[in-house]
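Visitor: Here is what each chain is made of, one letter per residue.
Protein chains: 2
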Amino acid sequence: MKAYIINIGDEILIGQIVNTNAAWMAKELNALGIAIHRIETVSDDKQDMIQALEAAFQVADLVLLTGGLGPTKDDVTKHALTAFFDTELAFHEPTYKRIEQFFALKKIPVTDLHRLQCFLPVDCTLITNPKGSAPAMWFEKEGKIAVAMPGVPYEMKALMTREILPKLAAKAIQGEILHHSIETAGVGETTVAKHIEHIEENLPSNFKLAFLPHLGSVTLRLSATGEDKVALQKAMDEQVGLIKAAIPDFIYGDNGEKLEEAIGKLLKSKGKTMGTAESCTGGFISHKITSIAGSSEYYKGSIIAYSNGIKIKMLDVQADTLEQYGAVSEQTVREMVEGTLETLGVDYAIAVSGIAGPGGERPGKPVGTIWTAFGEKGNIRTRKLQLGRDRLKNIQLTTTYSLNELRKFLLAG
Amino acid sequence: MKAYIINIGDEILIGQIVNTNAAWMAKELNALGIAIHRIETVSDDKQDMIQALEAAFQVADLVLLTGGLGPTKDDVTKHALTAFFDTELAFHEPTYKRIEQFFALKKIPVTDLHRLQCFLPVDCTLITNPKGSAPAMWFEKEGKIAVAMPGVPYEMKALMTREILPKLAAKAIQGEILHHSIETAGVGETTVAKHIEHIEENLPSNFKLAFLPHLGSVTLRLSATGEDKVALQKAMDEQVGLIKAAIPDFIYGDNGEKLEEAIGKLLKSKGKTMGTAESCTGGFISHKITSIAGSSEYYKGSIIAYSNGIKIKMLDVQADTLEQYGAVSEQTVREMVEGTLETLGVDYAIAVSGIAGPGGERPGKPVGTIWTAFGEKGNIRTRKLQLGRDRLKNIQLTTTYSLNELRKFLLAG
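Protein chains in written order, with this note's numbering: chain A, 1 to 413; chain B, 1 to 413.
Among the clues, some could well be false.
For chains that are exact copies, the list does not tell them apart, and a pair is met inside one copy or across any two.
As a list, the in silico PhoX-like pairs of lysine-lysine whose alpha-carbon atoms are at most 20 Å apart [claimed, not checked]: (1) K365 x K46; (2) K377 x K2; (3) K393 x K258; (4) K272 x K244; (5) K167 x K106; (6) K270 x K258; (7) K208 x K194; (8) K258 x K234; (9) K106 x K194; (10) K244 x K46.
Just so you know, the hints here were simulated from the structure itself, not pulled from any lab data. Only a predicted model underlies this, so the values are computations on that prediction, with no experimental measurement involved.
From just these sequences and the hints, can you work out the full model?
Guide: Below, the structure is given as structure tokens:
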């Protein structure tokens, strides 16, 4: 079964709202083994919609539409579908009764617009909307299925989850689709690709490998299609195994796991705690760690020491050290980690000090020079990063690299 | 000028990522008066892409593409465009030199994949990518324009802002076009709209007003087109003046200025310093402030007190206070501000403590209950926020609201 998703609405075309419906629908359909051939956003225009439907059904046997089902004049989806499937509109009493009850509860008067909304296509199955007034419409003709839903995310999701996905599952084709993502950090797309080139070249023909680069990390996504789910899962496990064996040091998780989650798991399993001391990252490492629900279990806090005075006062960095080596130095970040372990009373710590830029260059220390230290009492490692001139990128990269260094340290320890 | 946006990538079609590029691009193109006829997501497949290009140019004279420009095997955009525009690939020395320098800085070896990436279409204008290795490609043939950019949002945005939008503006607009953005914070889109309804209704016919809502803030963008630049600027100043007079309390800046920049300006003009103490925001306030270049001039640091122990030890919060009122209380954030002013030796401070969620509910304190305090020695204000259940959203909203409260405090003082 090949599917099209058509999202209707000028508000998307003018960039007023981000189309989050499509991603949610695509994920759900993929889980049923229904491949999305294309996602389109079309304006609230009857002719455009009809043209989009014609083009879609050239390749797809299923078209899911969202939007344009409201009571206002710019909601023309039902007119387009009525024309496309060559049927007509008729007043639908049960829907009108539902709307009356629905609005009675909300103490909102029912208007002519709502009456107009109850003129619905006769040649389709109407699916009651548990969260709103506009029912979904299921058209089926000569093996082609079109399902129109409201664009309001929670209405669409309720209709999909309770009614439409189960109906589609029943029809869902013989054939399975599997995805597995492998999360890597610390190296770029090309480095990862280089290391698994031989695996990529020998992938079974029913497999696809995609590289999704982020700042300081890369997601590898394997997709496979086949008949037998069990055999497919076995083949997937094999390929995942091959990749994991080829680049063990780069990999920190699976299927969308975050670096800060991986660290959280490691710390919880050890029953240990951590803290941070940040200069140039200015709290971004702390933000990443605390963006994970439940992080207070293992994360105690951070000292954002943006001035030397605070490095000395709160982190017990020696004035001599700052004097002799500067704030951006291996010696300073080492003392910052020691200070964090001591002051916050944590088991592990990360410290960072660098020149995020665009200014702040010092002799022998160009913009993008960053020192990070990480470890535990009596066992502190350091690493120097030489990054670019983009302040925010430097902050984000330093955060990812530092978290990844601590993760590797926790694994080794 | 009619445009198509084509986003390339299976990761969108399987719902792994939400397509945020399209909304950003659509917003920017609309500002130039370029209407988006359709937004499509197409798979990493050469034939699909060619078919999509053919269909797009049936109605559009401009097609903007993102994605599929990386060095890996699943990046086939340049091959599709080369075929569509009937040209060929050739090794592009300057791009290779750039990549060599680019990676030399990062001490990353240049691989064959990078060489492969430098085989680029001969019949197009290459636009250097300031944030990455893959250049943008500008094709122009028989009045049809296709521009291909990387899919990585910050690379796409940098290329659009610096190179592509100006080039398109020159082509799209006969006459002059002016934009002015007014940045507001602290109230929602509908509240802002309500307050300037009368101005919006009486806008000159050559003016357009757009509301761009963000988390906790709203950008008002005025766009005007006309023949005479001077007259246009005069009319623009008038409308901006009207709006600023109508909602002075909501406005903190112009043309993309950030709340944290506005605070920086105020502190610099006063020659004063500030610090923060964060619990539930976990460093995000500090991150925002330090994301501004030169912030070390007025920002000294922060204490991320994620545990009560650290609130007591580093911020001198009384154990009794935590005992009696809890960590999420007006009394606690007040003492956190006092502690910050004292410990960090700063003139102004913000403190935050709350339940970011999704867990952590306490009797009388549902998820989303957040207290923020701000001020200076002897003059500390507090505010309670009652937000939702989304952890990250709560962190971001609390940050925006707290920064805005301090901004208003600095203005008043």
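Visitor: Now, for every hint given, state plainly whether the structure supports it.
Guide: Cross-check of the supplied hints:
Taking identical chains as interchangeable, the C-alpha atoms of K365 and K46 are never at most 20 Å apart, the minima being 55 Å within one chain and 46 Å between chains. In this assembly of identical chains, the alpha carbons of K377 and K2 never lie at most 20 Å apart, being 57 Å within a copy and 63 Å across copies at closest. Within a single copy, K393 and K258 get their C-alpha atoms as close as 18 Å, and across copies as close as 18 Å, so both meet the 20 Å cut-off. In this homomeric assembly, K272 and K244 never come within 20 Å of each other (Cα to Cα): the closest approach is 27 Å inside a single copy and 53 Å across copies.
With identical chains, the CA atoms of K167 and K106 are never at most 20 Å apart, being 31 Å at best within one copy and 51 Å at best between copies. In this assembly of identical chains, K270 and K258 lie within 20 Å of each other by CA distance solely inside one copy; the values are 19 Å within and 41 Å between copies. Taking the shortest alpha-carbon separations for K208 and K194, only the intra-copy value of 17 Å comes in at or below 20 Å, while the best inter-copy value is 51 Å. Within a single copy, K258 and K234 get their C-alpha atoms no closer than 25 Å, and across copies no closer than 51 Å, so neither meets the 20 Å cut-off.
Taking CA atoms no more than 20 Å apart as the test, K106 paired with K194 passes between copies only; the shortest distance there is 17 Å, against 51 Å inside one copy. In this assembly of identical chains, the alpha carbons of K244 and K46 never lie at most 20 Å apart, being 50 Å within a copy and 29 Å across copies at closest.
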